[in-house]
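S.K.: Each chain, letter by letter, is given below.
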Amino acid sequence: MLVLSLVLVPIVVGLALLVVRNENPTMSRTIGALVALYTLVAAVASHGSEWSYRWLSRPFEASFHFGDTAISYWLVLLLAICTLCAILATNVPRQRAFIAQMLLLEGAMLGLFLARDLLLFALFWDLMLLPVFFTLLGWGEHVATAWRYFIYNFAGGLCLLLATAAFGMLFGSTDVIGRSDVHLVGAWVPWIFWGFAIAFLVKTPVWPLHTWMPLTYSDTPSPMVAVVSAVQSKGGLYGLIAIGMAFMPDYLKAYAGIFVVLGVISLLYGAFVAVTQNDAKRVVAYSSLSHLGLIVIALASFNATALQGAVIYIVAHGLFSAALFLILGFVESREETRSLVRLGGLGAANPRLAGALCIAALAALGLPGLAGFVGELVILTGIFQAGFTIPAILALIPIVLASAYMLRLFQGIMNGPEVPDLPVRRDLGWLEGLALAPLVLALVVLGVNPHALTTFDASAYNAVASTLQGGTR
Amino acid sequence: MNPTVTNADWYALAPIAIVAIAALVVLIADLFAPKHVNRYVAIALGVIGLAAAGIDCAAAYGHDYAAFGGAFIVGGFSVVFQEIVIVAALGSIVLYGAIGNGERIAGAVALLLWSACGAMLMAGAGNLMTIFLGLELLSLALYCLCGLADRPTARESAFKYLILSSVASGFMLYGMALLFGASGSVALADFTAPALASNPLLWIGAGLFLVGISFKLSLVPFHAWSPDVYEGAPLPVTAFMSVATKAGTLAVFARFIYAALPAGIAPKLLLPIWIVAAISMIAGNVGMLAQHDLKRLLAYSGIAQVGYILAALAGGTPLGMRYAIFYLAAYTFMNLGAFAVAALLSDDGEQGSRLANYRGLAQRSPVAAAMMTLFLLALAGLPPTAGFLGKILILSTSVSTGYAWLGIALIVGTAISLYAYAKVIRAMYERNEHAHAHDAHPSVPLAWVSAAICVVVVIALTFYPLTPSNVLPLVR
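Residue numbers (my numbering), protein chains in the order written: chain A, 1 to 473; chain B, 474 to 949.
By construction, these hints were calculated from the structure, which means they are not laboratory data.
A hint or two may mislead.
FRET-style restraints, in silico, Cβ to Cβ [stated by the list, open to error]:
id: 1; chain 1: B; residue 1: Ala668; chain 2: A; residue 2: Val182; range: 45 to 51 Å
id: 2; chain 1: B; residue 1: His765; chain 2: A; residue 2: Arg54; range: 51 to 57 Å
id: 3; chain 1: B; residue 1: Gly737; chain 2: A; residue 2: Thr211; range: 33 to 39 Å
id: 4; chain 1: B; residue 1: Val840; chain 2: A; residue 2: Val400; range: 51 to 57 Å
Backbone N, C-alpha and C define an ideal beta-carbon position, used for all residues, glycine too.
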């Protein structure tokens, strides 16, 4: 039941917040933070437990089956932490409704990662689009962005739905996530595979399906985009691991070339574009495209080391991209712009803000000692081991470029002479500091001690690892 | 044929008789009811009559019986379709609580009940005569209902419906005549003779019959009437028409293709219908994009939704039938809910139908906006609504019966439709600084209750997917 409450509590509280009429911003933030804290505690407490209730018995079996798996456990924790930090950092007009949307988003995404049933997974996949859509409509700058986000992702969701239905008909049950004895065979399987794959690749995103992403990331208010970029984009990667790799390994292997090519293009394209952007949020958005491209290659290389690296990097990217977006939110709320051309010299007056941005940016560019480095290193080793030499070499170029765009981001905002017409505001307050502290701390801890994420793998990757054993040469 | 008519035969017609008599009672009571309550007397009597019919009808579930020598067949199939029609009539009648000229309410309610009788008759029709009887009863009452408003568009709507529907009936009648010519019988049961499989008369007859059906279901390219008629008709009538005509006609169609064709010819004979269904899914949803009127929007939506339901029937499997019924039931509640919300916003059924009036609704009446959002999401097939589950079930049937291309058409159609529905949702949540909270319309308790019930059902059906098992259509 605890695991069920993990999904229901944020959704119920979120809906209740939408209805009440109390507009006190501090109260909404406190409630939101308490709920997020509850999900964090409950996620740890309910680790390994399951809850199931039969949903359909015809035409295929489906259940309301919740429970974490080895990989989703980390995503759930990441989501809870990111939501907690983001809610603490929230300071927007119509706060109550915004916090409500944040909680609905958290609930829907917890449902996605905890779902052990494909149909349930598809349900939450569609459901998690709605809070972002409504937030873009209510708080975003451009309505067109909301449409683009929704149409792209919903189209992906429909492919997922069709594939899920076909999966159910073929296998007779969709209650399969986390099971290791499911192997799909048949003439339909390539279609099913691509149905899933398109949804996942749109969500991640990879080139050329990414065009919704920079707009969405720059128009969504920072607290929400922190959660969307840190965790929602991982829904696609999680799906590739938990569904693509686990149930249809032969097809992932057969089409690995396509994934690697798309991954490499995203990797390079994202990095090159990030260098040229003047909008600070877009720099981070394109850097996401680049970083997640690397993870796609890691998954397609079908190698146990690369997979480990991918999981580490998924968590690391979540932490630093959430931190970056929150920091950019603070910068924007202080200076009312996020253009790197206009900004400059904030570091002198805001040392704490500059320090936080420094750590997050260094983690993003892969400095040893921070979490990003471990993930990149392990992934590159894995890709190389798997025999993808050229992609591994190409993947080095964006690492150099990452230094360029991340340092450019930092310099553009923090260094240089103080710009006279920018207002001087006070440094991070205690609440803002509290919002960033867990993320920054986690980046350092995981960078120094990545074992926290890798030691558990012996039992953890059972489902996937068994297919990998057959998979690596 | 069995010439003797027993009491059981008459009992089979009891639900229809109850509704028909309720209509008479409504008319008579209107003569004696005081002017200021006559509206509520008519609605109350109508609701009581329908509820009684619903209970009586449900009792027949599981007791298959062919009344009048097979002319009217009672079984799980007819019960389910009749209940859907009854629900549609209930959901529409209560909308008269807020809409329409008080003096005409009794007449309108009575006509609506008689129209429901026609649809209920179609649900159990076992031969061509009963089908046509039911269809004409349904349609004749609707022609009058469409014209029962003071606007010129209402008369245009009625006239257009009359003319085009009559043409379709002509097609259907000619088809029936050819079917009779081929088989020498009007009973659906006699069309299954293997010898007829290669008889061209049967093919042409069935083709014309299906053209008539396609018109009544407003499938593309026979759909052009429905947006105009829906727009002109009074709101409760549109609500009723959008569900009951479809339910009645689908019942006839499903019985015809499941039980009244010689073995083996269905895949070939019906292929054009499935193609038309696929086109409807796409074209209906594309048509929605340009609409500025809720009734027109829902008319186009209905064109596509019927396409989805047909996709479930394409395989001819029992499960497909169950899912078609599930989706039809879900659609009934989503649609009635949307119309109930529209009724909340209007004094005369007009304000609630113009989409411009939904702008900023969330500020004026957050609950109404939330309910409308839920219904539109359900029509689009998003979770957590019955529309989502219904689409999954239809997809699974179409994939497993070899009609995956219908599933793909459904997906494409749904993707297009999402934009149209979300446009309305977006308008509702648009912020207008000048708007005042709660300057919305007077409380209309009946419509609120109706909308709330629809909300509960639309969500509940997602989690308890009831699909009755005993629903295969019978012929005797």
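S.K.: Identify every previously stated hint that the structure contradicts and give their numbers, smallest first.
M.R.: 2, 3
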